[in-house]
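Chains as they are written, first to last, in numbering that gives the first Met the number 0: chain A, 0 to 141; chain B, 0 to 493; chain C, 0 to 505; chain D, 0 to 571.
Rather than coming from a laboratory, the hints here were simulated on the basis of the structure. Keep in mind that this is a model prediction, so the values were computed, not measured. Be aware that one or more of the hints could be misleading.
Unchecked claim - Non-contacting residues of chain D with respect to chain B, defined by C-beta distances greater than 12 Å in every case (computed):
no. : residue
1   : Ser464
2   : Gly563
3   : Tyr565
Claimed, not checked - Negatives, chain D to chain B, calculated, CB over 10 Å:
no. : residue
4   : Gly176
5   : Ala501
6   : Thr548
7   : Ala570
To be verified - Computed Cβ-Cβ distance ranges for the label pairs, DEER-style:
no. : chain 1 : residue 1 : chain 2 : residue 2 : range
8   : D       : Ala271    : C       : Ser229    : 30 to 40 Å
9   : D       : Arg528    : C       : Ser362    : 52 to 62 Å
10  : C       : Leu199    : B       : Leu481    : 25 to 35 Å
All residues carry an ideal CB built from backbone N, CA and C; glycine is no exception.
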Amino acid sequence: MNGLAETVAHTLAPGLLYPTGGAILFALGLYGLIRRHHLVLRILALNIMGSGVFMVLLGVAARGEGAPDPVAQALTLTGIVVAVSATAFALALVVHLTRLTGHAVMLPGPPDDDAPVEDISREAHHADGGPAESSAGEDRSA
Amino acid sequence: MIPANAEWLPAGSAGLVALSLGVAVLATAWPRQAHRIGLLGALAVTAWVLGLSALFLHAGPDPNTAATRIALGGWEAPLGLMLQLDGLSMTLLVLTAVVALATSLYSLGYVHDRIERRQFWPLWLWLWAGLNMLFLSGDAFNLYITLEVVSLAAVALVAFTGTAAAVSGAVRYLLVNILGSLSFLMGVVLLFGEHGVLDLVLLEARTEAGPTERMAAVLMTAGLMLKAALFPLHVWLAPAHGSAPAPVSAVLSGLVVTGSFYLILRLWMGVFAPLTTPAFGILVGLLGVGALIWGSLQALRAGRLKSIVAYSTVAQFGYLLVAFPLMLVDPGAWRVVVFFAVVHALAKASVFLAAGTLQHAAGHDRLAELGAVLRARPRTVFALGLAGVSLMGLPFSGGFIAKYLLLEAGLGTVLAGSLIGVLWVLAIAGGGLLAAAYVLRMVASAFHRGRRDVGEAVSPWMDWVPLGLATVAALAGLAGTLTLNTLALTPGAP
Amino acid sequence: MDGGWLLLAILFSSLGPGIAIFFLPEHRQGLRTALNLGGAGTKLALVGVLLAGVLRGDEYRFSLPLMPGIDLVLAADALSLLFASLSAVLWFVTTVYAIGYLEGSPRRSRFFGFFSLCVSATVGIALSGNLITFLIFYEILTLATWPLVVHRGTPAALRAGRLYLGYTLTSGLVLFTAIVWLTLLAGAEGFTPGGYLEGLAETHAVTLQVLFVLLMVGFGVKAALVPLHSWLPIAMVAPAPVSALLHAVAVVKAGAFGIIRVVNDVYGAELAIELGLTAGLLVIAAVTIIYGSIQALRTDDLKQRLAFSTVSQVSYIILGVALAGPLGVIGGLVHLVHQGITKITLFFCAGNFAETLGIHRISELDGVGRRMPLTMLAFTAGALGMIGLPPLAGFVTKWHLGLGALEAGMPWILGVLVLSSLLNAAYFLPPVIRGWLGERREPWHEPLQGHAGPTRFETHWMLLFPVVFTAALGLLVGLFAGLGLSPLGWVSLIVQRDYSLPGFGL
Amino acid sequence: MSGVLLLAVPLVPLMLAVFIGLRPGRARLNRLVPWAALPGLALAALAPPGLEATFSSLLMGTHLAVDPTGRAFLGLTAGLWLAAGLFALSDRRDDPRRHRFYVFWLLALAGNLGLILAQDAIAFYLFFSLMSLSAYGLVIHSGKPEAWRAGRIYLILAVIGEVFLFAGLVLAAHAAGQSSLAAVAAARPEGWAQVLLVLGLGIKAGMLPLHFWLPLAHPAAPVPASAVLSGAMIKAGLLGWMRLLPIDAAGHAALGEALVLLGLAAAFLGVAVGVLQVRPKTILAYSSISQMGLMTTGIGLALLLPEARGWLLAAVTLYAVHHGLAKGALFLTAGMQRQWPVARPARAAFALFTLLPALALAGLPFTSGALAKNALKEPLAAEALSGWLAHTEWLLTLAAAGTTVLLLRFLWRWRADLETATDGLDRPRWWAWGGLSLMALLLPLATLLAGPTALPLSVHDLYGSSLLWPVMLGLGLALLAWRGVRDRETPRVPEGDLAVLAEAAWDSVRRTRRRLALPGPWPPRIPARMRALRLGARRRLEAAERMLTRWETIGLLFSAAMLGLYLTLLAG
């Protein structure tokens, strides 16, 4: 009885609670990332993982008595910034993809071998065509 | 007693970071002139790196005088951000400079549409800057940040063409990357929680084989394996390369992946060294063998030039994994591993550039229909072949020397009495054959009798740069001693 | 590295032109020819200088560190000069022949580029001073010959090339492993007459045996030892000059030379015998000799027959080396040269027949002697030389091999020689007889290729001169074998040095 | 100087051969062909005793010399070739392929002369093979099927002979430690070396049972060619024996006995088969076999009776010379069938020239045959031979009877299609022929006058009852046969008796070879089944890769990797 109470209390202590929670979030996020096909959901899942990581970090910051460790909190902030930018970028890509394909799902990889490939360097090769032409001429003669 | 010029090293490395970041920022701020800025910047950075390496070597031969640690903004560890320059990072910086310079020159010819230039150069310069920082940064969190910078830039470049395939590939790459980074970060956090420091050197001093370290090691390694496209977590590689512009693929396979592997290597040489167990080595080695076989088989299957090259990357990284157990037996072997990575990066970059030229000329890179162009472009095919020789590990190329050293290490373990060593030896020796098979697959149709068609005109840059880089890769064999000596200037490493 | 520059110069005298030719546009024919002949001539001259120097007793050595403790070493000893001068001379001839042969055909820049590369590799093999250097050039040779084998670009050629690469690369890997292993054991020693492994004899006997087997497998593929020979007859799809080069100078000889090096200068005859390695080699060589001859007897295709005869003849070299006694080794080494000269003559002739009259099979040779007397004369000289009739080169070999066999107390080898000579006669005399005494009813359907058109001679002079030259050479080296500078004289010199006892030539 | 003289003998014909080969159609060159043998003849006649020269740079050191035996053989060979050459010149006058014939002729001549001068194994082997191989060209010259057949068998046997000789020489030279013939003989080749040498040279010498190429080659070859083939070339084997076998003070009983046995067998079997033949030249060929048998016996005796070896060898040499000249003349006779003159004196000469060599072979007194036979039998009277060998002398005598019968048979068949010369007489032929025939009388004189020291013969050796009665016996037998046996147009024993068996073997070999013919040199394509398999593998690999690419798999693998790493880290 007493032991149980102690265990619970100890468990609820931030030093251990946050890490455990974080780990759970991380796992959940991973699961979501795998199971969900809609890309936005996947990005969300990644964010959940991220928050799991940060939760652990905060737990670390709050470790021990006294004021929480400023370094850890600084790190958390930086991390969040990075995560946000990454998310934004990802969402942008997804939007683009949705425009192209009509739904926010990845094409199956690997690229099948007879899919046509646009090559950005194809159009307007006259840009520096002068030498190119000459070299081509030489090639043709060869 | 520190030699006079050693004093310049801190300034030098800090300056390198500043310079490369500066160029990137400038190009971003002034996209109209991005390509000119990029070219000048590329030359400047390369020159800087070479100068730095000269200083560095001159500061040797004592690793501790050469290797340098710089506290940015005067904040010492554990609080401050540490840059550290040692043999390992120096080598990779030089490698980056060479490959990146070649890629930049190539891009001059490859990316010539005005709009695209504006988008391409800033991203590319950011990627390069990120890589420089990655190799220089000395603490775990910085590593995470730089990793992110690199991956985001890389993803953007992969998506560059804006086609469905490209974007989809980019998204896959991005998700994988973020997953990797997050699990890396989780590891970092655990370490920080355990020891309250992030600086690698300090961590190295403090870690011992505890459960937290183990958990951290697992998370970070797995994350990095994902980013380094190590078998069986390589699946994002081919799609990403499939549709990325040629220079981007070159950098992706040549440098970005190598960067992640560099991290794995550095971590396991330093921080996690106490954790290593024979079983671990064997597992990684087995993964390596798997990578060799699977990658090669896929390369033999794939029908598109760039996919073949991408899968060959997967296969070649198998060697690096196979080298792990060897390092457990003979710690000195890590230098061989790095040398191999360097040579591979050079060769692989030139192969991708050559492939890009062919793709440009033909308008596609389906091997089955590439014959006519291959026949008409002997120079490019020659570059392909020359780099291919290096990949096969045949003389007279850097690949041969690297292969030789690997094999030597492998046989060393066998003679030292490890049975599994035989497997490593077989893998190292046999990998070359598979490589030969898919390289042959790429160039063979150039020798068929048949129609010749130079296809689209290409700029002389795209014509000559691959050949040049391939030659460098082939002659890297001569730089073997130099590289190994440079690597020897890594304090703490065996 | 005193005098090392000379070795480098010899190497680059063909490498330089080769690389230059690669980037030469197809139509710059004059320049290409100039580069080719210039390179070949320079190499000849330089090798001559080297020869004189070595006769004077000068030391030539060049070394370049590759990896810690492992150098790229070029050195010139009598043995390497034997091979070097052979390839220099034959390269010159083959270049002339190839220029004539390929006149007006496409992709010549590529061809001559790899051609020169191939010869540079061969000379590198000849001059290499330790196993690793040897391996490096050996592999380069493999790569440089592949484009030549597939030059025709036909599916058949491509298949042949694939087979060739398959065999050679695999063997190369075996060799690679063996050499790394050996270097781990004994260090990166240079070739030393009498070998440098005695120290390991008692501690690592078994390892040394295993290594020897691996090395032999590695070299055996190129030397076309049964059962590793299958690529050779199939590589016949290559153009005639290439086959000539493959069979007479470059590839096959590289393998044989490797075996010589290993037996003489790495293991050393004494150790090899002590470990019972030569016995096995002898048996394999003997089997190869007979097998090759029988196969040659079974085919009617001229080039294929020549190919199988190569399979059989090259093993004479290995037989001699494996006999590991002065006379036997003399026989083996001298055959390195003799087989080269004779076989290259035969392939040139086959090429001439094919080019000029479109003859590929022996059954079509009837009466060709009246249309192309000089070529047929050369072919006869080559064939009789291969059978081993005096005064042609082949006889000198056979004589010494026979004596060597008896000297080594193995009369059964003599039996092998007898049988092989019978078979040689059985497959080399019919073409000769058909050529001279056969009657051709219908007129020759004249040149397939435009360039062998009506000329003052029976065919294009660039095709004729090499044939006559090598045939004469084959006669002279046999007829004047007694001279000090003849291959025999030179080889006796080598053997006297190696075996420190008078190599008495009978 | 002496070097030049000696080298000139084989080189002159070689050079001429080269010139004719390069510039066919030069009539002037052709006229020189017979005279290419002249240096040899001159050397035989005028060479100072002990003329020799060594060329250290040729081959592995070459040694040429003229020794007494060599001198005799040289004289015979050169003279015969000269005469036959003259004959050939007119015989081949309107042969479109005569240049080819002359080239082979000269090559064979060079070889034949050279091997007599050669004093070291390699040079001997060189000239020996030069002769044998070029003779092939003479045998098949006519280009008729039978010629090709004869040529094939000749060549096969010749090559086998070469190879045996090579092996024997190598063995002997190894035993001797050097390669000069004298040293080899002194080293007394034993065992294998001996067997190989006897066989290798025996093939050339028409020794039983390797004789069967003769009766095929002779009728097939043109007349002059068969003359030198039978007169000079087959003597090369004999000379080889005399030079290489252990014929020294110790003697060699076993070998000697074997040779005597083979020799006598050949002597009688040759006759027995010969009389059953129908073609004149075939009959002559068999007579050559039987005569060579006598000489083989002589060699055997020399091995058995070391004391008398000097005498016997000289006698064998004499016999060889006698037989060479007479047989040569007889073959030319066979070529004179269309020269039966009209004028009476000419007819007399014709008859004389025809009969003289025949009678000489039969051993009629006062002919060269008489001298040779007596010389051969001389020592037998003195030395007592044991066992059946005791009858050797008698058997040798009896053989003469056989010879008589055989030659009568020859003349009989030859006479059958004798034709009158329509367009005048062909003088060069007559000169050559007549010259050779008269040798049958001149030779004994020459021998008696300038008698070789080893062979002190006197006039008594020119006659004797032991010479006469066999001839009479022979005549009697022939008479009976002529009366009794009805002649047929087909031989009762196929020409080249054993050759039939040999050919059966050869044909089976050919058939098997045709059956075993290799496919062309084209690299094999990959069988369709393999290609299908490869495609299947491709598809399966692609499917697997797609499977790996699915996110479920990625996640699974990611987690698995983590787990695996963790476990291995624990395992340590």
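For each hint, the structure was consulted:
1. Ser464: holds, 89 Å
2. Gly563: violated, 6 Å
3. Tyr565: violated, 5 Å
4. Gly176: holds, 48 Å
5. Ala501: Holds, since 50 Å exceeds 10 Å.
6. Thr548: Given a closest Cβ separation of 4 Å, the condition is violated.
7. Ala570: The assertion about alanine 570(D) is violated, with a minimum of 4 Å to chain B.
8. Ala271(D) / Ser229(C): 30 to 40 Å: violated, 55 Å
9. Arg528(D) / Ser362(C): 52 to 62 Å: violated, 34 Å
10. Leu199(C) / Leu481(B): 25 to 35 Å: holds, 33 Å
The structure fails hints 2, 3, 6, 7, 8 and 9 (numbered hints given earlier, in ascending order).
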